[in-house]
Amino acid sequence: MEAFGNLLMGFQIALSPYNLLVATAGIFLGTIIGVLPGLGGANGVAILLPITFAMPPTSAIILLSCIYWGALFGGAITSILFNIPGEPWSVATTFDGHPLAKQGRGGEALIAAFTSSFFGAAFAIVLVTFFAPLIAEFSLKFGPPEFLGIQMLTFSAFVGLGGASVPKTLASIFIGFIMAAVGLDIVSGQLRLTFGTVELMRGFSFVVAVIGLFGIGEIFLTVEEGLALKGIQARVTWRTVADTLKDLRHYWRTFICGALIGSWMGIKPGGATPASFMSYGFAKRFSKNPEKFGSGAIEGVVAPETAAHAAGVSALLPMITLGIPGSPTAAVMLGGLLIWGLQPGPMLFKERPDFVWGLIASMYTGNVIGVLIVLLFVPFFAAILRVPFAILFPSIIYVCAIGAFAVNNSTTDIWYMMLFGIVGYLFKKLDYPIAPMVLALVLGDMAESALRQSLIMSQGSPGIFFASPISAVLVISSILLFIWPFLSGFPHRTKRG
Amino acid sequence: MRKADIACGLVLLVLGGLVLRESLELKIGWGLNGPEAGFSPFWLATGLVVCSAIVVIKAFLDRSPSSQRPFVRREALVPVAKAALPAFGMVALTEAIGLYPAAAIYLAVYMRWVGKHRWVTTLLLSIFLPVFSYFIFDRWFLIPMPKGHWTWISGLY
Numbered sequence: 002m003e004a005f006g007n008l009l010m011g012f013q014i015a016l017s018p019y020n021l022l023v024a025t026a027g028i029f030l031g032t033i034i035g036v037l038p039g040l041g042g043a044n045g046v047a048i049l050l051p052i053t054f055a056m057p058p059t060s061a062i063i064l065l066s067c068i069y070w071g072a073l074f075g076g077a078i079t080s081i082l083f084n085i086p087g088e089p090w091s092v093a094t095t096f097d098g099h100p101l102a103k104q105g106r107g108g109e110a111l112i113a114a115f116t117s118s119f120f121g122a123a124f125a126i127v128l129v130t131f132f133a134p135l136i137a138e139f140s141l142k143f144g145p146p147e148f149l150g151i152q153m154l155t156f157s158a159f160v161g162l163g164g165a166s167v168p169k170t171l172a173s174i175f176i177g178f179i180m181a182a183v184g185l186d187i188v189s190g191q192l193r194l195t196f197g198t199v200e201l202m203r204g205f206s207f208v209v210a211v212i213g214l215f216g217i218g219e220i221f222l223t224v225e226e227g228l229a230l231k232g233i234q235a236r237v238t239w240r241t242v243a244d245t246l247k248d249l250r251h252y253w254r255t256f257i258c259g260a261l262i263g264s265w266m267g268i269k270p271g272g273a274t275p276a277s278f279m280s281y282g283f284a285k286r287f288s289k290n291p292e293k294f295g296s297g298a299i300e301g302v303v304a305p306e307t308a309a310h311a312a313g314v315s316a317l318l319p320m321i322t323l324g325i326p327g328s329p330t331a332a333v334m335l336g337g338l339l340i341w342g343l344q345p346g347p348m349l350f351k352e353r354p355d356f357v358w359g360l361i362a363s364m365y366t367g368n369v370i371g372v373l374i375v376l377l378f379v380p381f382f383a384a385i386l387r388v389p390f391a392i393l394f395p396s397i398i399y400v401c402a403i404g405a406f407a408v409n410n411s412t413t414d415i416w417y418m419m420l421f422g423i424v425g426y427l428f429k430k431l432d433y434p435i436a437p438m439v440l441a442l443v444l445g446d447m448a449e450s451a452l453r454q455s456l457i458m459s460q461g462s463p464g465i466f467f468a469s470p471i472s473a474v475l476v477i478s479s480i481l482l483f484i485w486p487f488l489s490g491f492p493h494r495t496k497r498g
Numbered sequence: 004m005r006k007a008d009i010a011c012g013l014v015l016l017v018l019g020g021l022v023l024r025e026s027l028e029l030k031i032g033w034g035l036n037g038p039e040a041g042f043s044p045f046w047l048a049t050g051l052v053v054c055s056a057i058v059v060i061k062a063f064l065d066r067s068p069s070s071q072r073p074f075v076r077r078e079a080l081v082p083v084a085k086a087a088l089p090a091f092g093m094v095a096l097t098e099a100i101g102l103y104p105a106a107a108i109y110l111a112v113y114m115r116w117v118g119k120h121r122w123v124t125t126l127l128l129s130i131f132l133p134v135f136s137y138f139i140f141d142r143w144f145l146i147p148m149p150k151g152h153w154t155w156i157s158g159l160y
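First to last, the sequence lines map onto chains A and B.
As numbered in this note's numbering, the first sequence has no gaps in its residue numbers, which increase by one up to the final residue, 498.
As numbered in this note's numbering, the second sequence has no gaps in its residue numbers, which increase by one up to the final residue, 160.
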């Protein structure tokens, strides 16, 4: 009941005219960002982070989270009409969404996608509302060893479930942590890894890294692939909306399945993309007519969109309760929290209930506003992609430069952004995953101080990580996840041998 | 692909080595306040060295056809360079004349040179976008963008 009262208070905050305006602006900007190639949730939020410095923290997080929802919606538009997944998690949406658009049923596909996004998000938001206070309450008992355990679990999930090459994933995690260590050491106050230069004393800003790695790197990739945009017009009338909504009732099983997969996978880092593929696979396996998948089945749009949106929402659950982000976008928001002077983690629920519950309530309002905006403005958003590339690309790079500069008011950061862009381009081409590197860069300081505090508590004995049952479970399960790729490969080899 | 993989792995290997050397200077043992400053960088760099060594060895032994593909197709190299070089140029110009004029020049060059747009479109857009963003950031959100070393240019607006 206490949660209910808190939620009501949250709604009072989220429904204030200023915050509603902020949410609408966020959704609008977010959808544009999701539609544009090279800009996605993570770097869109990163670029706009500086303009939130002057806002009250609650409005700032509402703006950023609404940009995130908008980007999730925007990804569906490009996948269906242009066969270009704006985000990795909308790849599965292109399988059936684009064939539908080619058959002239683009409007239907879009409405199905938006409705399922909305349903997936709503499902996950209800979960967040009920579980967030419980998890926060539980994690108040956590000390440094438990927090390190959770961080280990986060990163071993990348290694165990990420699907990329294990040494490359690990290398990218190590690089992230090393970059986080550059600059002032928070425990001893010594300067580290500056190689005697002044430029490195400030360390690397993760916002700049995100803009470069995801934004600039992605643009270079798109230029290389030489994408020609051939969009399909889709007319959305109220009749199509009504007809599609009536039709969608038959897919309630796909909806629930997708929402469950999404909410579960989203809590783990990098979950939205595998969740969308898993949900698509499940829907195909249990469908009455699986042969229609791939050539334009509405279910094939419903399944991945529901899961991706549910995962996107539930990725915020570990961020607000534990201070551990579940996705790169959540990581940028977490960085925002630190900049606004809030300490992410379980204490946030006690110290700033207005912030936490304002955010949770804004998830409800944001997604309602989002669904309305995308339905009303589909033609506008689709028109953005008809802007010639030679105008889009330099403008995106220009906007990225503004964002990178505004973080610390330093032109050096624009150079770093370009450098990170090249690194991002190379890493994408060579299959080094980028998301774990960004997460390591954000969490680096916290992880290191947790490690060192634990070791101080135990006088240097690593036994402390197994001393309490919670940290023992966390550490052992992260070790299991870590060696999972080796274990799952093992039986095949012995069978053949 | 294979060569690029090896090259990238070697760069990471060297990077790890440099960090190792730096952290050894910071001391990696047990100090008065628990682990010393070099403790975690040391082990992180060790991990990086081991991983990049594995990547290099794996790439070296890889003789599969996919490893023989070129890293960047020759015809794709030109557009990538055309996108990257002017962007670096804009950043360099920003240091001298400030972000807004640099962006105007960059937008104009890219639109005319790569996009082959008409002069009218080029000029209108490359002036409109920076002016528009000037009003949003410098005026509305009060986030001043870099004005460059040559202040007489930023003095104009």
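No lab work stands behind these hints: they were computed from the structure.
Yeah, the Cβ is synthetic: ideal placement off N, Cα and C, and Gly gets one too.
Any given hint could be a false lead.
According to the in silico footprint, chain A covers these stretches of chain B (three or more CB under 8 Å from chain A) [claimed, not checked]:
| no. | segment |
| --- | --- |
| 1 | 20 to 27 |
| 2 | 56 to 66 |
| 3 | 78 to 92 |
| 4 | 102 to 114 |
| 5 | 119 to 132 |
A partial selection of chain A residues facing chain B, derived with a Cβ cut-off under 7 Å [as the list claims (entries may be wrong)]:
| no. | residue |
| --- | --- |
| 6 | Leu171 |
| 7 | Phe175 |
| 8 | Ala182 |
| 9 | Ser189 |
| 10 | Phe221 |
| 11 | Glu225 |
| 12 | Arg387 |
| 13 | Pro389 |
| 14 | Pro395 |
| 15 | Ile398 |
| 16 | Ala407 |
| 17 | Ile415 |
| 18 | Trp416 |
| 19 | Glu449 |
| 20 | Arg453 |
What follows is a set of in silico ranges between Cβ atoms, one per label pair, in the way DEER data are often shown [said to hold, decoys possible]:
| no. | chain 1 | residue 1 | chain 2 | residue 2 | range |
| --- | --- | --- | --- | --- | --- |
| 21 | A | Thr198 | B | Val14 | 10 to 20 Å |
| 22 | B | Arg76 | A | Arg203 | 30 to 40 Å |
| 23 | A | Leu201 | B | Val112 | 44 to 54 Å |
| 24 | A | Phe131 | B | Val14 | 40 to 50 Å |
| 25 | B | Phe135 | A | Ala4 | 22 to 32 Å |
| 26 | B | Pro147 | A | Phe467 | 23 to 33 Å |
| 27 | B | Leu88 | A | Gly6 | 53 to 63 Å |
Hold the hint about A:Pro389 up to the distance rule: shortest CB distance to chain B must be less than 7 Å. Holds. Min distance 6 Å.
Cβ distance range 10 to 20 Å for A:Thr198 and B:Val14, holds or violated: Taking Cβ atoms as reference, A:Thr198 and B:Val14 lie about 19 Å apart, which means the hint holds.
Residue hint A:Arg387, partner chain B, criterion CB-CB below 7 Å: 14 Å, violated
Annotated coverage of the segment 56 to 66 of chain B by chain A, confirmed only when three residues or more have a Cβ within 8 Å: Per the Cβ count (3), the hint holds.
If you check the beta carbons of B:Leu88 and A:Gly6, does the distance land in 53 to 63 Å? 59 Å, holds
Please verify that hint: A:Leu171, Cβ, nearest Cβ of chain B, below 7 Å or not. 5 Å, holds
Next item in the hint list is A:Glu225. Is there a CB on chain B closer than 7 Å to its CB? With a minimum Cβ separation of about 5 Å from chain B (threshold 7 Å), the hint on A:Glu225 holds.
Could you say whether the range 23 to 33 Å given as a hint is met by the Cβ separation of B:Pro147 and A:Phe467? 53 Å, violated
Does A:Ser189 pass the interface hint, meaning its C-beta sits closer than 7 Å to a C-beta of chain B? 5 Å, holds
Per the CB criterion, is A:Arg453 less than 7 Å away from chain B? With Cβ-Cβ at 5 Å, under 7 Å, it holds.
Can you verify the interface hint for A:Ala182: is its Cβ closer than 7 Å to any Cβ in chain B? This interface hint holds because 5 Å falls under the 7 Å limit.
With 7 Å as the cut and Cβ atoms as the points, is A:Ile398 at the interface with chain B? 5 Å, holds
In the structure shown, a violation is registered for the earlier hints numbered 12, 23, 25 and 26, in ascending order.
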